[in-house]
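Asks: What follows is the residue order along each chain.
There are 2 protein chains.
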Amino acid sequence: MSEATHVLLEEFLKLHPADLADRLQRLSLPEARGVLSELPPAPAGRALAELEHDRQHELLLALPAQKLAPLLDELAPNVVADLVPALPPSIRRATLNALPADQRRRIQTLLRYAPDTAGGIMSDRFIALRDDMTIERARELLRAHAQEERTEDIAYLYVIDAGQRLVGVVSLRDLVFRRAERRVSEIMNRDVKFLYVDDEEEKTARQFEHYHYLGLPVLERNGQLVGVVKASDALEIAQAEATEDMQLMVGLSGDERALTPWPKAVGLRLPWLYVNLATAFLAASVVNLFEGTIAKWTALAVFLPIIAGQGGNAGIQTLTVIVRDLALGELSPGDGRRALFKELMLGLINGLAIGAVVGLVGWLWKDSPELGLIAFAAMVLNQLAAALSGVVIPLGLKWFKVDPALASSIFLTTVTDVAGFFFFLGLATLVMHWTGM
Amino acid sequence: MSEATHVLLEEFLKLHPADLADRLQRLSLPEARGVLSELPPAPAGRALAELEHDRQHELLLALPAQKLAPLLDELAPNVVADLVPALPPSIRRATLNALPADQRRRIQTLLRYAPDTAGGIMSDRFIALRDDMTIERARELLRAHAQEERTEDIAYLYVIDAGQRLVGVVSLRDLVFRRAERRVSEIMNRDVKFLYVDDEEEKTARQFEHYHYLGLPVLERNGQLVGVVKASDALEIAQAEATEDMQLMVGLSGDERALTPWPKAVGLRLPWLYVNLATAFLAASVVNLFEGTIAKWTALAVFLPIIAGQGGNAGIQTLTVIVRDLALGELSPGDGRRALFKELMLGLINGLAIGAVVGLVGWLWKDSPELGLIAFAAMVLNQLAAALSGVVIPLGLKWFKVDPALASSIFLTTVTDVAGFFFFLGLATLVMHWTGM
Numbered sequence: 064m065s066e067a068t069h070v071l072l073e074e075f076l077k078l079h080p081a082d083l084a085d086r087l088q089r090l091s092l093p094e095a096r097g098v099l100s101e102l103p104p105a106p107a108g109r110a111l112a113e114l115e116h117d118r119q120h121e122l123l124l125a126l127p128a129q130k131l132a133p134l135l136d137e138l139a140p141n142v143v144a145d146l147v148p149a150l151p152p153s154i155r156r157a158t159l160n161a162l163p164a165d166q167r168r169r170i171q172t173l174l175r176y177a178p179d180t181a182g183g184i185m186s187d188r189f190i191a192l193r194d195d196m197t198i199e200r201a202r203e204l205l206r207a208h209a210q211e212e213r214t215e216d217i218a219y220l221y222v223i224d225a226g227q228r229l230v231g232v233v234s235l236r237d238l239v240f241r242r243a244e245r246r247v248s249e250i251m252n253r254d255v256k257f258l259y260v261d262d263e264e265e266k267t268a269r270q271f272e273h274y275h276y277l278g279l280p281v282l283e284r285n286g287q288l289v290g291v292v293k294a295s296d297a298l299e300i301a302q303a304e305a306t307e308d309m310q311l312m313v314g315l316s317g318d319e320r321a322l323t324p325w326p327k328a329v330g331l332r333l334p335w336l337y338v339n340l341a342t343a344f345l346a347a348s349v350v351n352l353f354e355g356t357i358a359k360w361t362a363l364a365v366f367l368p369i370i371a372g373q374g375g376n377a378g379i380q381t382l383t384v385i386v387r388d389l390a391l392g393e394l395s396p397g398d399g400r401r402a403l404f405k406e407l408m409l410g411l412i413n414g415l416a417i418g419a420v421v422g423l424v425g426w427l428w429k430d431s432p433e434l435g436l437i438a439f440a441a442m443v444l445n446q447l448a449a450a451l452s453g454v455v456i457p458l459g460l461k462w463f464k465v466d467p468a469l470a471s472s473i474f475l476t477t478v479t480d481v482a483g484f485f486f487f488l489g490l491a492t493l494v495m496h497w498t499g500m
Numbered sequence: 064m065s066e067a068t069h070v071l072l073e074e075f076l077k078l079h080p081a082d083l084a085d086r087l088q089r090l091s092l093p094e095a096r097g098v099l100s101e102l103p104p105a106p107a108g109r110a111l112a113e114l115e116h117d118r119q120h121e122l123l124l125a126l127p128a129q130k131l132a133p134l135l136d137e138l139a140p141n142v143v144a145d146l147v148p149a150l151p152p153s154i155r156r157a158t159l160n161a162l163p164a165d166q167r168r169r170i171q172t173l174l175r176y177a178p179d180t181a182g183g184i185m186s187d188r189f190i191a192l193r194d195d196m197t198i199e200r201a202r203e204l205l206r207a208h209a210q211e212e213r214t215e216d217i218a219y220l221y222v223i224d225a226g227q228r229l230v231g232v233v234s235l236r237d238l239v240f241r242r243a244e245r246r247v248s249e250i251m252n253r254d255v256k257f258l259y260v261d262d263e264e265e266k267t268a269r270q271f272e273h274y275h276y277l278g279l280p281v282l283e284r285n286g287q288l289v290g291v292v293k294a295s296d297a298l299e300i301a302q303a304e305a306t307e308d309m310q311l312m313v314g315l316s317g318d319e320r321a322l323t324p325w326p327k328a329v330g331l332r333l334p335w336l337y338v339n340l341a342t343a344f345l346a347a348s349v350v351n352l353f354e355g356t357i358a359k360w361t362a363l364a365v366f367l368p369i370i371a372g373q374g375g376n377a378g379i380q381t382l383t384v385i386v387r388d389l390a391l392g393e394l395s396p397g398d399g400r401r402a403l404f405k406e407l408m409l410g411l412i413n414g415l416a417i418g419a420v421v422g423l424v425g426w427l428w429k430d431s432p433e434l435g436l437i438a439f440a441a442m443v444l445n446q447l448a449a450a451l452s453g454v455v456i457p458l459g460l461k462w463f464k465v466d467p468a469l470a471s472s473i474f475l476t477t478v479t480d481v482a483g484f485f486f487f488l489g490l491a492t493l494v495m496h497w498t499g500m
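Protein chains in written order, with our numbering: chain F, 64 to 500; chain B, 64 to 500.
Chain F on its own, in the form it takes in the complex (with noise of 0.2 angstroms):
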């Protein structure tokens, strides 16, 4: 090992996990490979773990078993379970075996819930109580715990019968300040919020932000105990939520990122666009019946865009309100009519307003009366045609349980550009029949 290495490695120590990843980050693949290496595995472990997903797949990939052995040894059951499904089945196995008994069980066990569900995002390090120990014995287990070093930050502790089922919480500082022989279940509260393993993580992020908690305890559908999320668990998932469904929402991957190299992002991009196009085709067709009053009228054309955009971009405007409601789960079922009322009385008000700006301009750029009231008429029909597409895009794809944000703003815009050029190239044809143009 070289000076400068040693200099590096000494300094990386001094760092904290999370800041040590971003300096992995930022290295080349064979630097960081090299420093993982060198770093004795409690930090090296725990700088892997906070790693963004792709640098993390990389080196897992780069290391050898006999590395990488020591260092998941290093971390909490739950994070490894997390990393683990990224390798290949065979290095999976060779790696899961180097490591001991307790922990590999442990893992698999993690292993059997759902990435996306709270048993998949929980952590096996907690202590439980028994509801009929008496305080003093509950402050010996967990005094022998903080020997170990191996629990979460604790706030709160949770208590549990004799078939491990959740029956109360307990606070740390209740515990150590309330008389040694009371028992457990004479201090508990036992109103206790929790989950359950198979909660979709999306729920689980709304549990905690909806009751401000530190800690949920996380149950099997029988009530067993099995595991603890904590509240910082949450708020990454949220932050990961949010950016799904403002990512889908344009037709987007849900974990694209600026640095994402471009040619994954060719992949992810490039099909959505495809779909798009489809759509551009479809509205373009409409656009295409009327080639003849077109060519009649080339003002038209003109005017064309603005209708078509100012639909999608009033339609865009009731989406995104529509998805993060869906998305926190604050628009419940019944809420789902009040809502298209106000879009629809929204897209009236904002029509009639808007409609008269371009209808005044119309008439007066153009000195055409009759393009102006077409103009007015067609703004008014497509805004309308936008609010009800920005409620019932969303909601119809939830009915067919696919996520709201799911390229929605590309099928609202679809329907706003085709009503949007249908009104207006319709209603001219009629206005040009009538009056003989």
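Keep in mind that the hints were calculated from the coordinates and are not lab data.
Be a bit skeptical, because a hint or two may be false.
One copy or two, either will do: identical chains are not told apart, so a pair holds if it fits within one copy or between any two.
Derived DMTMM-like pairs (lysine to aspartate or glutamate); straight-line CA-CA distance at most 25 angstroms [said to hold, decoys possible]:
1) K256 x E115
2) K77 x E272
3) K256 x E137
4) K327 x E121
5) K256 x D85
6) K327 x E393
7) K266 x E307
8) K266 x E304
9) K359 x E433
10) K327 x E299
Given the structure of chain F, go ahead and fit chain B onto it with the hints provided.
Replies: Showing chain B alone in chain F's frame:
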């Protein structure tokens, strides 16, 4: 009080404050005010604190100061400091004067911090240990506090020196299980992460996401410890920030919800739709420039929205990725050039891939190789314009100290519409000129 009301109150009293708030949210204003007035101050205050912003504001104004003060006295000073700015000055003064002097002083201290900073979010209910205390003395202090029941959930205890400056952190568990005669300074961890009172709330959320702590201490710039922030507060901030980004991008206020009353929503949305209309006229005036070209070759009107629309969609994909990374602090200043390179590569490849299809369809549908070639070239150029503006617009807004999300999709589609129309119709005019069509 009627029997029915009594039964309802009994039921409400059993609920968690957050669930009680959900019920109050769905009652009419007079009903909700009635329930809050009848409930004991502690549950009423906690439910009030959990309400959504609009309903909270209505109820604060609907309750007289002598009813309000006991409710506010039950709440943490920082929660009250979040509520009272919504009151008109005279009511605010009357309400604060009705509170005990200590509570009032603490609220007034917290009101000095801007609401969107760590100081504006932090709680002043924390226990600080002195570094020169014995562990025994620290335990006594904690026991005294535990009887007051007025601190937040605790996972860590922060350590200060004689000048109130933060010097370390101790876990509650360590404090409880280490030998009583040792000093706090001997068992504390000196590498403690913290926030400054004037740190923006985005930074607060990012620190929690980065380090996964359950709480962070907040310091004045001189190093004095003045408050603590909990991970669950950071979760709420992160949710609000993500919503704001999504909404600002499409020209919404950042706090509209699906059931926001429509008259309020009109006021929030219509101004941005007018901005969008102005930019739409800008784009339309480009089409107007080429009206003569369209009059001679109406098939152009059919392809016009495809070229512009695909540019808009691709640009919004870029924008969404950049805005998200800027918001979460994942794009460092030096990364801008790399991100731009990536997006231009994507623009080129997507442009060639989509342009080839559009060109081929143009050629075959309209039996015109010239139209195909023009559509192909305009699509490639507009995809490059989309990539460029998707990076430059948010970075530019940030440069001018404006939120990078603010109405950025409106600015972006202006660029892609103007550029798309100009490239497509400009090329068509040139080709017609050359070929003498």
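Asks: Reference check for the pair K327 and E299, CA-CA at most 25 angstroms: within, between, both, or neither?
Replies: For K327 and E299, the Cα distance is within 25 angstroms only inside one copy (24 angstroms; across copies 33 angstroms).
Asks: Give the relationship of K327 and E393 under a CA distance limit of 25 angstroms: within one copy only, between copies only, both, or neither.
Replies: Intra 35 angstroms, inter 19 angstroms, cutoff 25 angstroms: inter-copy only.
Asks: Go through the copies and call it for K256 and E137: within, between, both or neither, with a Cα cutoff of 25 angstroms.
Replies: Between copies only: 23 angstroms across chains, 31 angstroms inside a chain, cut-off 25 angstroms.
Asks: What label fits K327 with E121 when the C-alpha limit is 25 angstroms: within, between, both, or neither?
Replies: within (14 angstroms within a copy, 50 angstroms between copies)
Asks: Are the CA atoms of K359 and E433 at most 25 angstroms apart within a copy, between copies, both, or neither?
Replies: This pair counts as both: shortest intra-copy Cα distance 14 angstroms, inter-copy 23 angstroms.
Asks: How do K256 and E115 come out at 25 angstroms by Cα distance, when the copy is not named: within, between, both, or neither?
Replies: Cα proximity of K256 and E115: across copies only (21 angstroms, versus 31 angstroms in one copy).
Asks: Cα distance capped at 25 angstroms. Does K266 pair with E307 within a copy, between copies, both, or neither?
Replies: So K266 and E307 pass the 25 angstroms test inside a copy (15 angstroms) and across (21 angstroms) alike.
Asks: If the cut is 25 angstroms between Cα atoms, do K266 and E304 qualify within a copy, between copies, both or neither?
Replies: both (11 angstroms within a copy, 19 angstroms between copies)
Asks: Should K77 paired with E272 be assigned to within, between, both, or neither, using CA atoms and 25 angstroms as the limit?
Replies: between (34 angstroms within a copy, 20 angstroms between copies)
Asks: Can you tell me if K256 and D85 fall within 25 angstroms by alpha carbon in one copy, between copies, both or neither?
Replies: The answer is between: 16 angstroms across copies meets 25 angstroms, while 35 angstroms in one copy does not.
Of the hints listed earlier, there is not a single one the structure fails to meet.
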